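Visitor: Take a look at the letters that make up each chain.
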Amino acid sequence: MPQIAVIDIGSNSIRMQISEILGKSYKIVEDYKEILRIGDEVFLRGEFSDRAVDDILNVLKKIKSLIDGKNVDITRVVATAAFREAKNGYIVADKIEKEVGLKVEIISGKDEAYFNYLSAAANFQLSKSNAIVVDIGGGSAEICITDNGNLKNAITTNLGCSKLTKMFIKHTPPLIDEVLKMKKYISGQLKHYEINKDIALIICSGGTMYNVSEIYYKEKSKEDTAIKYVDRKFLKKLISMMEMKKIDIIKNINGIEAQRADIMLAAMLFIDILLEKTRLSGFYTLRAGLRTGLTIDTMNKMGFELPFQNGDDVRFSRLIEIGNKFSFEEDHARQVNFLVNKLFELLKDRLQLNEKYRKILEGAAILHDIGNYISYSSHHKHSYYLIKNSELLGYTPEEMEIIANVARYHRRSLPKVNHEPYNNMGTDQKAIIRKLAGLLRLADGLDRSHNMLVHDILINENNDVLQIKPISDMDIYIEIEGANSKKELLEEELGKKIIIT
Amino acid sequence: MKNKYFAIINIGASAFRMIINEYIEGKEKTLEYLVKPLSLGRDTFTKGYIALENVYKAADILKNFKLKMDEYKIDRNYKALCTSGVREAQNRYFFIDYVKINAGIDLIILEPSDEIYIKYVGIRDELKEFVHYEKKGLIFANVSSGNVAVSIHKDNIMIYSAALPYGSLRLNEIFKYIPIINKYKAYEQYVSNMFYTIKTALPQGFKFQYVVVSGSSINLLIDLLNPEKNLFKKKDLLNLYKYIKTMDINDIIKNYNIRHSDAEVLLPTLTTYINLLSFTEKDEIHFSRTSFPLMLSNYYSGAIKDKELNKRLRKSFYYFGDRFKFDKNHARVVSKYALKIFDNLKPILSLGSKERFLLEVSAILHEIGYFINARNHEEHSFHIIKAVNFPGFSREDVTTVALVALLHRENPNKNYEEILVTLNIEKRLVVNKLVSILRIADALDANHNKLIRDINIVLVHDKLRVIVKTLKHPFLEEHSFKRKSKLFLETFGIRPELEVKIDYE
Numbered sequence: 001m002p003q004i005a006v007i008d009i010g011s012n013s014i015r016m017q018i019s020e021i022l023g024k025s026y027k028i029v030e031d032y033k034e035i036l037r038i039g040d041e042v043f044l045r046g047e048f049s050d051r052a053v054d055d056i057l058n059v060l061k062k063i064k065s066l067i068d069g070k071n072v073d074i075t076r077v078v079a080t081a082a083f084r085e086a087k088n089g090y091i092v093a094d095k096i097e098k099e100v101g102l103k104v105e106i107i108s109g110k111d112e113a114y115f116n117y118l119s120a121a122a123n124f125q126l127s128k129s130n131a132i133v134v135d136i137g138g139g140s141a142e143i144c145i146t147d148n149g150n151l152k153n154a155i156t157t158n159l160g161c162s163k164l165t166k167m168f169i170k171h172t173p174p175l176i177d178e179v180l181k182m183k184k185y186i187s188g189q190l191k192h193y194e195i196n197k198d199i200a201l202i203i204c205s206g207g208t209m210y211n212v213s214e215i216y217y218k219e220k221s222k223e224d225t226a227i228k229y230v231d232r233k234f235l236k237k238l239i240s241m242m243e244m245k246k247i248d249i250i251k252n253i254n255g256i257e258a259q260r261a262d263i264m265l266a267a268m269l270f271i272d273i274l275l276e277k278t279r280l281s282g283f284y285t286l287r288a289g290l291r292t293g294l295t296i297d298t299m300n301k302m303g304f305e306l307p308f309q310n311g312d313d314v315r316f317s318r319l320i321e322i323g324n325k326f327s328f329e330e331d332h333a334r335q336v337n338f339l340v341n342k343l344f345e346l347l348k349d350r351l352q353l354n355e356k357y358r359k360i361l362e363g364a365a366i367l368h369d370i371g372n373y374i375s376y377s378s379h380h381k382h383s384y385y386l387i388k389n390s391e392l393l394g395y396t397p398e399e400m401e402i403i404a405n406v407a408r409y410h411r412r413s414l415p416k417v418n419h420e421p422y423n424n425m426g427t428d429q430k431a432i433i434r435k436l437a438g439l440l441r442l443a444d445g446l447d448r449s450h451n452m453l454v455h456d457i458l459i460n461e462n463n464d465v466l467q468i469k470p471i472s473d474m475d476i477y478i479e480i481e482g483a484n485s486k487k488e489l490l491e492e493e494l495g496k497k498i499i500i501t
Numbered sequence: 001m002k003n004k005y006f007a008i009i010n011i012g013a014s015a016f017r018m019i020i021n022e023y024i025e026g027k028e029k030t031l032e033y034l035v036k037p038l039s040l041g042r043d044t045f046t047k048g049y050i051a052l053e054n055v056y057k058a059a060d061i062l063k064n065f066k067l068k069m070d071e072y073k074i075d076r077n078y079k080a081l082c083t084s085g086v087r088e089a090q091n092r093y094f095f096i097d098y099v100k101i102n103a104g105i106d107l108i109i110l111e112p113s114d115e116i117y118i119k120y121v122g123i124r125d126e127l128k129e130f131v132h133y134e135k136k137g138l139i140f141a142n143v144s145s146g147n148v149a150v151s152i153h154k155d156n157i158m159i160y161s162a163a164l165p166y167g168s169l170r171l172n173e174i175f176k177y178i179p180i181i182n183k184y185k186a187y188e189q190y191v192s193n194m195f196y197t198i199k200t201a202l203p204q205g206f207k208f209q210y211v212v213v214s215g216s217s218i219n220l221l222i223d224l225l226n227p228e229k230n231l232f233k234k235k236d237l238l239n240l241y242k243y244i245k246t247m248d249i250n251d252i253i254k255n256y257n258i259r260h261s262d263a264e265v266l267l268p269t270l271t272t273y274i275n276l277l278s279f280t281e282k283d284e285i286h287f288s289r290t291s292f293p294l295m296l297s298n299y300y301s302g303a304i305k306d307k308e309l310n311k312r313l314r315k316s317f318y319y320f321g322d323r324f325k326f327d328k329n330h331a332r333v334v335s336k337y338a339l340k341i342f343d344n345l346k347p348i349l350s351l352g353s354k355e356r357f358l359l360e361v362s363a364i365l366h367e368i369g370y371f372i373n374a375r376n377h378e379e380h381s382f383h384i385i386k387a388v389n390f391p392g393f394s395r396e397d398v399t400t401v402a403l404v405a406l407l408h409r410e411n412p413n414k415n416y417e418e419i420l421v422t423l424n425i426e427k428r429l430v431v432n433k434l435v436s437i438l439r440i441a442d443a444l445d446a447n448h449n450k451l452i453r454d455i456n457i458v459l460v461h462d463k464l465r466v467i468v469k470t471l472k473h474p475f476l477e478e479h480s481f482k483r484k485s486k487l488f489l490e491t492f493g494i495r496p497e498l499e500v501k502i503d504y505e
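Chains as they are written, first to last, in our numbering: chain C, 1 to 501; chain W, 1 to 505.
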């Protein structure tokens, strides 16, 4: 499959990512980063010094040799604010082409904003609400405002965090007055745009804010994920610490990238102002925003489209994508999903299941058999493992853990406390897993032949017996037999005998 | 080989069998062959355990087998092997213990991959064309009461192998409540499902040239179809199927004069055979008349050998890697370097050709986990390798390779200590030595671009000189070597040193 390399020459760092295209998705095969802070000089003196140019060339040579070692088909290099603003930006770009053999596109702020929007749209369900996608770089900050999934406004501002820091902060720790002036300046720059409580989601990309989320996840000992959520309370705590402490102390915060320590405050104040305006209690961060958008854009140019670009539900598309990666039987997966959805509808009140569990059940139904890719025997356990280690979209880590468990119990043993992953769940989650797995087992039994024969389900309840009647135009002995052999868990959960006719 | 008696007891899902052979100059002569029907599978496949009364019956049968062995003065020269009927029973350890105490026979559980491997070598030894089939595209299926074990070969590569729970007795038990008039439809749908599972694991458009079957089901069909050569024709199978598909068990027994236990499994067996032919788009099935006990006997007595095993496995592991889209060039380079280091360390390693092969397999598969996720890929490699089920590659070997692959990274995320402590000290040492070598080999291609073109290894008392030839200075490899060679020093007390020789073209 073709491979794409993208290089982002930002004001703070130079980053490279190589991805392999897998039809409707791609996977990252190489990731490289070096923090150079090339923007600092430009924002002070208006151009790159000879030394800065040498640094850039050296890093790009290293990256070029990494790329040459792979089978990369297309390489795209983009440069942002530092190159846009440096008087000698285009001269340096030429020098790079001559000496390193990489052609640099100096992209506009609008383009930068668009790439970030693409990246966010690939990772979040944007169509259901209004969102702000903000990428705080060193030299500029790009803001996209979306309206039910459509890009309403793409703005480029000069609110890059290195730049803000250079403009306002002269002391460590900063003077109160310096911080106030900076906040006022940011607010002033943002006042022309419609940023209010209609916004339901703030998504940040850019290395500096991503680092903030890493610090938060370290402190909370949360599992590392590509998408992170940060509480505003934590942001406030970190801001006040940075307002008061000397830079040496800040550099020792667990998880902080030392080269970003001085500019982090500006980025955080910016986001806090957005949170204030939107009355939201936290924000999401996304790794590799610009690079992701650039990769998707390059794929589009090569004729590949991602599921979300056809208007599909991102969460659901991702499930199908993961299924395909592991060569699942899509028809069976969709049929089981259809059946389990019916059962959920019919039995959710009796099982006291909240509506929000429908999408969890959907994840487990679509992915229940993917473990087959590793081996048929114990494939339910492999499904658990693969779900745990595939990055689903639109689910919280806790929900993913439940999905993995439900898929694990779609066959063979019922949940037991000596099964470690199950036992590690809380009492409430255990109850949910049992109920959802009970439904999934029965639904899987109802497509035992994998021929999608059942097209409806009726139920009838009297006293202690629940009658389940699968409807089909064909003979369905196998399905009835299959459902009978897998009804035990659901019977336990309902406290009723089930008869399948 | 000196002349000797050798006995095999095989406890299958539907019968107990014993064979006593005399081996003269490597050729076998069968002296006794006993079959006692007792269906442990019926218990195991429905209840999950062997009922107590059947445990007693089993011990009685085995006591008699023991008496027979005593007649030939066979004391330790036997193997008593159990397949799925015991293997899958929850009370298998009780069963084994009970038999040992009451019949004085030590039972061994045969793993599915070993079971199919022995059948594979057995049939290959007998069917001269088998080697040719393996090149052209072959499905080899062992249809027994409990499982259908399938392996698929092409170009001498094993591209698929699995033991699938679709054996004839098991099918019979699953659908025993379905009325006879509809039973064949149920089998039909159910069995086609098994082939669907296999199909999803094969490359698109895969073509089969030959179908070979073994298993207890053969004898029943030979009795009924009476084929001239070792071939079942599709039309004969279909004819028989047409007559019996809605026939009552008692009528089958009467009309064909066969035992009740055979009559029960006839329909599921035929369904499997016919579906196998439709799936492969072929119209004949090759089989071997050699019984499983005889194959076991020939294998365990050492009468047949498999010289091509490692070559075949190596090819199959590369194929397996491709399935997980691994970096084949990196795998090749790392295994080449790892073996070079291994060979040059011979004087101090005290490891043999088996460990050498395990090192090679570990090098081939160490990064296979990337397919699941780049993060913690060593753990994913471990997980995938643990599920490897290749005939001829034992569980123990699988564990070793999985651990070596896990530890190729310095600080694996997974808690591996708890796995290591389950190994004895010798095994742990083997793992340690192999990991030390693999890490260095991996470091020498850190960038996955074969920047280092070749290596030379010189061992001088306290130093291992790794001399590398390259066109450009290998910064990344050098850095990686520094980190990854620490364990080597700890393991061998020898300091590895990297010497870079730059070739200017």
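Hints in this document: simulated from the structure, not taken from any laboratory.
Check before you lean on any hint, since a few could be wrong.
Unchecked claim - DSS-like cross-link-like pairs, simulated, lysine-lysine; straight-line CA separation at most 27 Å:
#1 C:LYS61 - W:LYS354
#2 W:LYS307 - C:LYS62
#3 W:LYS307 - W:LYS354
#4 W:LYS354 - C:LYS70
#5 W:LYS340 - C:LYS64
#6 C:LYS251 - C:LYS237
#7 W:LYS354 - C:LYS33
#8 W:LYS414 - C:LYS27
#9 C:LYS128 - C:LYS191
#10 W:LYS307 - C:LYS70
#11 C:LYS246 - C:LYS197
These numbers come from a predicted model, not from an experiment.
Visitor: Next, verify each hint and record whether it holds.
Guide: Right, here's what the structure says about each hint:
1. A distance of roughly 44 Å separates the Cα atoms of C:LYS61 and W:LYS354; the hinted pair therefore is violated under the 27 Å criterion.
2. Of the pairs offered as hints, the one joining W:LYS307 and C:LYS62 is violated, with about 47 Å between alpha carbons and a cut-off of 27 Å exceeded.
3. Annotation: proposed proximity of W:LYS307 to W:LYS354 holds, straight-line Cα distance about 13 Å (limit 27 Å).
4. Between W:LYS354 and C:LYS70, the direct Cα distance comes to roughly 33 Å. Violation of the 27 Å bound is thereby established for this hinted pair.
5. Distance restraint check for W:LYS340 and C:LYS64: the Cα-Cα separation of roughly 30 Å exceeds the 27 Å cut-off, and the hinted pair is therefore not satisfied.
6. A C-alpha spacing of about 16 Å is found between C:LYS251 and C:LYS237, which places the hinted pair at or below 27 Å, so the restraint holds.
7. Proposed proximity of W:LYS354 and C:LYS33 is contradicted: the alpha carbons are some 42 Å apart, above 27 Å.
8. Of the supplied pair hints, the one linking W:LYS414 and C:LYS27 holds, its CA atoms being roughly 23 Å apart against a limit of 27 Å.
9. The hinted pair formed by C:LYS128 and C:LYS191 meets the criterion: a straight-line CA distance of about 25 Å does not exceed 27 Å.
10. In summary, the hint linking W:LYS307 to C:LYS70 is not supported, as the alpha carbons are separated by about 37 Å, beyond the 27 Å threshold.
11. A distance of roughly 35 Å separates the Cα atoms of C:LYS246 and C:LYS197; the hinted pair therefore is violated under the 27 Å criterion.
Hint compliance for this structure: hints 1, 2, 4, 5, 7, 10, 11 are not met, and every other hint is.
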